[in-house]
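**Q** Sequence:
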Amino acid sequence: MSCFEMRPMRAGEEEALLNLLEGAFGVRGIFQRYMDWDPLLRPEDTLLALDDQGPISCVQIFSRRIRLRGETVALGGIGSVATADAYRERGLASELMRHAIREMEQRGMALALLFTGLFDFYQRLGFRSVPQARRLLHRPHPPAEPALELSVRPFQQADLEAISALYESYSAAFEICTVRDASYWQGQLGYAGSPDEDFRLVERAGRVVAYARCIELEGARVAMEFARSESAAAELAALLLALTPEERPLVCPQAPDPELDQALAGTGARLETVADPTLFWRVLDRPSLARLAQLPSADDEELLVALVGGSRALYWPSDRF
Numbered sequence: 001m002s003c004f005e006m007r008p009m010r011a012g013e014e015e016a017l018l019n020l021l022e023g024a025f026g027v028r029g030i031f032q033r034y035m036d037w038d039p040l041l042r043p044e045d046t047l048l049a050l051d052d053q054g055p056i057s058c059v060q061i062f063s064r065r066i067r068l069r070g071e072t073v074a075l076g077g078i079g080s081v082a083t084a085d086a087y088r089e090r091g092l093a094s095e096l097m098r099h100a101i102r103e104m105e106q107r108g109m110a111l112a113l114l115f116t117g118l119f120d121f122y123q124r125l126g127f128r129s130v131p132q133a134r135r136l137l138h139r140p141h142p143p144a145e146p147a148l149e150l151s152v153r154p155f156q157q158a159d160l161e162a163i164s165a166l167y168e169s170y171s172a173a174f175e176i177c178t179v180r181d182a183s184y185w186q187g188q189l190g191y192a193g194s195p196d197e198d199f200r201l202v203e204r205a206g207r208v209v210a211y212a213r214c215i216e217l218e219g220a221r222v223a224m225e226f227a228r229s230e231s232a233a234a235e236l237a238a239l240l241l242a243l244t245p246e247e248r249p250l251v252c253p254q255a256p257d258p259e260l261d262q263a264l265a266g267t268g269a270r271l272e273t274v275a276d277p278t279l280f281w282r283v284l285d286r287p288s289l290a291r292l293a294q295l296p297s298a299d300d301e302e303l304l305v306a307l308v309g310g311s312r313a314l315y316w317p318s319d320r321f
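According to the numbering used here, the residues represented by the sequence shown are 1 to 321, in order.
Keep in mind that a hint or two might mislead.
Pairwise CB distance ranges (calculated) [to be verified]:
1) Gln53 <-> Glu161: 42 to 52 Å
2) Glu149 <-> Asp198: 19 to 29 Å
3) Glu44 <-> Ala86: 25 to 35 Å
4) Ala242 <-> Gly206: 16 to 26 Å
5) Ala242 <-> Asp52: 49 to 59 Å
6) Glu230 <-> Gly23: 42 to 52 Å
7) Glu197 <-> Ala86: 12 to 22 Å
8) Ala172 <-> Ala205: 47 to 57 Å
9) Gly266 <-> Arg286: 19 to 29 Å
10) Asp261 <-> Ala86: 46 to 56 Å
11) Gly268 <-> Gly26: 34 to 44 Å
12) Glu44 <-> Glu301: 45 to 55 Å
13) Met6 <-> Trp37: 54 to 64 Å
14) Ala205 <-> Gly23: 19 to 29 Å
Hints are computed from structural coordinates only; laboratory data are not their basis.
Small disclaimer: the values here were computed from a predicted structure and weren't measured.
Idealized CB from N, CA, C, for every residue including glycine.
With the hints as constraints, model all of the structure from the sequences given.
**A** Structure follows, in structure tokens:
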């Protein structure tokens, strides 16, 4: 590997990076959207391996903040890990990942997170799978009569203040949700998974009381995020059911919301619970995490299970990278 240069990306190398990512994954738009919209993503957050023609391998670091045990914790997201076909099996991605881990530690990030099906590769780099529950929501058969008359409409930019307030109040009781400011919201609306996001909200007496965001992802209909006001469990349940296809389930995060579960059960819908093992976490700042978990002698796996694997832990898919 000594013949390859490894360094942060420089301004002006974005097209070469996109060419590499498109060659590796067969898509370009999703990576372009993060570069265009993520206000925290800087050129130096992309680590490159280069030959004399340009980038041949890459890793990106995404800066996030999450809620954890009543505190705001710096999270390093890992994404866009790719190597050109001709240079695979040379350890380039592993070396870039080790550089990324050191960089995140130096930046004071306490945790790292990535999403993957390559379990063995990332386990060798110290990452551990901490599965999150997902719900498969199936429409009732035969269809039930609607219990509510909903006032549903698409999201508009003018709704952002009301939507962000619902997100804050609803997610405040959960662990590992992303802390969002106005700049983050604007960026996330631009890059969150799909240009064809189905973002709908429910109004009651002219006030937004619930919302849900869905996309099509790898042949599945996925709820990326939802929230409700304190009295709107029935409205959110009805909205999620309305977003569920006729012949396949809606894949939902399992929010720790017993009232929503009860409202969904009351519609006659069928719910299945499955585990998503693709969330891989890594301890970066052991002393800080041991303090938060109140487990001074715990190993990394015990810390991760205690902090990000509890029943109230929920990382919304809309915040993926």
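**Q** A separate judgement is required for each hint: does it hold in the structure or not?
**A** For each hint, the structure was consulted:
no.: 1; hint: Gln53 <-> Glu161: 42 to 52 Å; in the structure: holds, 48 Å
no.: 2; hint: Glu149 <-> Asp198: 19 to 29 Å; in the structure: holds, 21 Å
no.: 3; hint: Glu44 <-> Ala86: 25 to 35 Å; in the structure: holds, 26 Å
no.: 4; hint: Ala242 <-> Gly206: 16 to 26 Å; in the structure: holds, 20 Å
no.: 5; hint: Ala242 <-> Asp52: 49 to 59 Å; in the structure: holds, 56 Å
no.: 6; hint: Glu230 <-> Gly23: 42 to 52 Å; in the structure: holds, 49 Å
no.: 7; hint: Glu197 <-> Ala86: 12 to 22 Å; in the structure: violated, 36 Å
no.: 8; hint: Ala172 <-> Ala205: 47 to 57 Å; in the structure: violated, 24 Å
no.: 9; hint: Gly266 <-> Arg286: 19 to 29 Å; in the structure: violated, 45 Å
no.: 10; hint: Asp261 <-> Ala86: 46 to 56 Å; in the structure: holds, 51 Å
no.: 11; hint: Gly268 <-> Gly26: 34 to 44 Å; in the structure: holds, 40 Å
no.: 12; hint: Glu44 <-> Glu301: 45 to 55 Å; in the structure: violated, 31 Å
no.: 13; hint: Met6 <-> Trp37: 54 to 64 Å; in the structure: violated, 27 Å
no.: 14; hint: Ala205 <-> Gly23: 19 to 29 Å; in the structure: violated, 53 Å
Of the hints listed earlier, those the structure fails to meet are numbers 7, 8, 9, 12, 13 and 14, in rising order.
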